[in-house]
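Asks: These are the residues of each chain, in order.
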Amino acid sequence: MGSMIAARDSSSRRKNYTQIILYGILICFLLFIPLFFQSPYVLHLFILTLVYIIAAASMRFIMTSGQIPLAHAAFLGLGAYVSAVLSKHVGLSPWLSLFIAAFVAMGVGIFISFPFARLKAFYYAMVSLFFGVGLLQAIESLGKLTGGLAGITAIPTLFNTASKVPYYYCFLALTLVSLVILYRFEVSRIGWNLKAIDQSYLVSSSVGISEVKYRVLAVAIGCFFVGLAGGMYANYNVTLSPSSFDSSVTLWMIIYVTIGGMNNFSGPIIGTAVLFLIPQYFSGLKQYAPFISAAILFLVIFMFRNGLVCIPGLLMAFYKRKKSTSKSR
Amino acid sequence: MILSIKNISLYYGKAMALDNVSIEIEDGSVVTMIGANGAGKSTVLRALSGLVKINSGEIWFSGKRIDGTSPTNIVKMGIVHVPEGRRLFPALSVMSNLELGASLRKDKAGIKKDMNEIFEHFPRLLERRNQSAGTLSGGEQQMVAIARGLMAKPKLLLLDEPSLGLSPIMVDELVPIIKNINQTGVSVLLVEQNIGLALRVATKGYALQVGKVVMQGDIELFKSSDIVKRAYLGD
Amino acid sequence: MAESTILLIVATIVNALVLSSMYILLALGFTFLFNIMGILNFAHGVIYMIGAYICFYMATVVGINQWLALLISVAVVGLFGIFMERFIFRPFFGNINSIIVVCIGLITVLVNAVAISQPYNVQVTPAFVQGILKVGIVSLSWQRIVFFLIGVSLLILVLLFINKTKQGLQMRAVAQDLEGAILQGINVHFVSALACVIACALAATAGSLMGSYLSLTPYMGNDIMIKVLEILVLGGIGSINGVLFAGLIVGTLDAVLPIWLSGTATQAIMMLIIIVILLFKPQGLFGKEVRA
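Residue numbers (the numbering used here), protein chains in the order written: chain U, 82 to 410; chain D, 12 to 246; chain W, 1138 to 1429.
Next up, chain U with everything else stripped away, as it sits in the complex (with noise of 0.2 angstroms):
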């Protein structure tokens, strides 16, 4: 028992290494992308795919705590019209209004998840969708400040240039910050606390796991950082309609966590890397490129039961059967 505790003590630290290197290149990757790709489009996808990998990130942190957000693209937009709001008509910095726009969302989180709090499963999924629709909704009648359906344009930037160079830094760095954070709490005792609450409400309450505060908890935390996306967005982006943050995206989000991979941290980040950049390098196939979306989508599903993130593990066990197999000969 000693020797195998050893065993795999060796194999994992073996591991640890090969993901700091792996890391350490995607990372080196992600920073020269700027110089590999010169298109400003280029860009553009990849400064949206950060975004989205925040969004995406937040809303499985919340998952993970079996609740389903589906309120969570209204809450993208929230954040984005706060920033854009504040930034515009109040005046403030954008990099102010940014954070702003996170707190406000986390505020709106943890006012409706209280009494949201007591629904389970497909209640608190179908309640949410219902709120998403009413903010959403909303934020289209208040139209002297956000331009109702038509949407709000000019919204202060932030940075004072035309490259996209700046904003593909700085939303890498508070990407990876945000990522971060969430990956932090993922492991973490509350991470723990979150996934117990899923596996069982009874019996976590039963040892003192208080459901309705992680719950609450779990919503603040992703509400926040999809607010931070928000506000990015909004800030970036220059122009925003009430379009862009409706049910489908919501839906959408779902499916860059599920196909990504649910049970682990990097599925969304996965996830959305494949699912938002791939159909656009089809877009010129125009209003036949959402087949290629949903190709991919069956492919996934049916070929990777739990996402995108099994493949080395299915590839590595692959590997290792022929080995042994032909080991055996």
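Quick caveat, the hints were computed from the structure, so don't treat them as lab data.
Being a predicted model, the structure only gives us computed values, none of them experimental.
Glycine is no exception: its CB is placed at the ideal position from the N, C-alpha and C atoms.
Be careful, since some hints might not be right.
What the hints assert, rightly or not - Derived contacts from chain W toward chain U, CB cut-off under 7 angstroms, selection only: (1) Asn1234; (2) Ser1235; (3) Ile1237; (4) Val1238; (5) Thr1245; (6) Ile1253; (7) Ser1254; (8) Leu1366; (9) Val1370; (10) Thr1401; (11) Ile1412; (12) Leu1415; (13) Pro1419; (14) Leu1422.
Following the hints, put chains D and W in place on chain U, whose structure we already have.
Replies: Structure of chains D and W alone, referenced to chain U:
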């Protein structure tokens, strides 16, 4: 032999649940399988009724190999599993529960006759035939579960912990019930943690411990053995 | 009371009844799938849309009788139900996230396929029933009355089926205890497929009729799906009584609120009402503890 299980092994993921288990049941006998929680008794029954797939070994039932057969076909062949915790349909009436036991039978007259017979044997169920099953007491629910199993006209009845959650008096009532069933020619495989009940009705026994058969033989052997005590206490 | 007020009230009542009965047909099918397979078929609205378009296509392009077109649509979509059970629901049993993904995939494919193949203008299936019923000052189109009667009679048929037949009993058994049902030898796949066929056929019927009552768009399924979800949440998911009751409420609100409010405001008010009710009754009006 109505049933012979030959060296079956079964894994749940990487965890081994059954390790080379072999069990034989003679036609018309009552065989018991005892063991502590997690010994793999229920898993044997689940494998028999096709709910889980075995990884290796063979299961033969009256001359046919049945591992890999669908649960529906297994019931059709005459193996009926009365599961642990009864798993009645709580919102349906006792009558409907019994009717569902006869889901695969086409002979309406026979079903009617069998149901009357069951009500003769279990007069308490006759009183409660229109009540929903979820409202019955634990003992009554167990009777419905066994009666529902009988409605399928089994050749082999698998009883999983029928004594679970019953009062000692109710457990005593199970003895004649199981013996009666056996006298009509139905073989019984009884899984029990209540060793007293098992020893009173069975003629042959198997003791399981962490997925392995650790003892088998005539029931008299079990009555005199102190291994039984250990298997029962599960250390 | 002014004549126009009476006319408005009668028209609204009839409209409420027609809408309610159509919503209930859809929500009932959705509930079937939920109870029997534990899945939430978010593609139910799109099935409804496909049903509507098949009927429309048969009745206008092919040019056969509308009722025949309706039957063909029901048959085709019903068969599609078998396909859905086997290839979409069975592989993802009990995995709600994957079901959402597969449903979105299905919705994307079907909606876009219809959107591309159809010309961009308002399309309406020709009326199933001509003529107007006159009672005193009130005049009602026969079509509305017939639609309502079809809705009610299908509802009764389905309820009779689940409560009186052997297959219906088996369905209820599967809904209450899946493993218990398997151990009785009930062929769960068959029962599930049957539930899918019924659910899809009901959706196709509602779609075909609504294609004549309102108009057809490739996105008609999304709107009705929201209605179905509202009904399910309000009534308590899994409860058939809940579907009937909440269906009437939602259908009525849908007929009444637009008299004073705009379309989006109607939606918002409805959702607000539902959220408030759920805060007091977290399992919906008729709900029990749920599986998913």
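Asks: Name the hints, by number, that the structure is in violation of.
Replies: Hints 7 and 14 contradicted; others consistent.
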